[in-house]
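Protein chains: 2
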Amino acid sequence: MNSITYRPIGIIRTPFKNKEGMPIQPSGGIGVRSTIKISAEYIAGLKDLEGFSHIILIYHFHLSKDYSLTVTPFLDDQPHGVFATRAPERPNSIGLSVVKLNAVKGDILDIENVDIIDGTPLLDIKPYVPEFDAQVEVETGWLGKIEKRVHKTKSDLRFT
Amino acid sequence: MNSITYRPIGIIRTPFKNKEGMPIQPSGGIGVRSTIKISAEYIAGLKDLEGFSHIILIYHFHLSKDYSLTVTPFLDDQPHGVFATRAPERPNSIGLSVVKLNAVKGDILDIENVDIIDGTPLLDIKPYVPEFDAQVEVETGWLGKIEKRVHKTKSDLRFT
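Protein sequences appear in the order of chains A and B. According to my numbering, the stretch in the first sequence is residues -10 to 149, in order. According to my numbering, the stretch in the second sequence is residues -10 to 149, in order.
The set of hints was computed from the structure by calculation and includes no laboratory data. On a predicted model such as this, the values are computed, not experimentally measured, just so you know. Hints may be right or wrong, so weigh each one.
[Stated by the list, open to error] Quick list of in silico lysine-lysine cross-link-like pairs, DSBU-like style, CA-CA up to 30 Å: (1) Lys26(A) <-> Lys134(B); (2) Lys8(A) <-> Lys36(B); (3) Lys94(B) <-> Lys26(B); (4) Lys134(B) <-> Lys94(A).
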């Protein structure tokens, strides 16, 4: 299987109109309200989705034209393998976000906690189920170290 | 944007050789060891992945040939919209699993807690980061009701 072709099932509409205006951390997306317009042919697939408080969006990073296998993320000065980051420039430019689902009205999903650029093509929606998706006793490698460094930096500033 | 084309970055090797032998619930995959063979051209992208205890696999349900917009899942007798289920037969046959990462050795990932069929083409790997991916105060719609019904059924049997 050399190539796999998907078609967007809808378009994500958000307040983030270009890459420069994006929050660089997910916490920047908390409370941000957005909508998804689902294409007419797929609306029947939304039945009973509204019972879920959170959904997993799988989408295409449509502005990512190229990639490299190592990237230096925001807030770090060390390069990491692209698969150890959430950078949009990846071999397959697939994005994943867990968002809050506020309402489903016809072909429109009203969502919250969004860190996605406007006009992003949506590929799939899955219900977020803690039994499947939430993990305990998690280690987060270089990201864990960064989190500690960020906290340390704040503390240092507080006392200068 | 009418179609989006991806290429597999590797192949997932598991003990589940056909659809009939698959666990029907994620708990059936707990402790199941598997491997992923990453294609040579992408190995550099794995740098620093090993620091993460859990990873998100995004893959193609390669045995799903068709879909319908409503499905009746295992353990339920009611049809639900396909986007409110994790069924493999979906408009874009994208699968998502959070698995435990035991080791990275060259082009081989040693993983655990796998509920994926052997030979599945892998599209992307992302580090699992609780701050991004774990949600609290979650409602799980029809699935929540099923869980309760399952518990209730067990209790009834215990007293017959």
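When the structure is checked against the list of hints, which entries are broken? Sort them ascending. none
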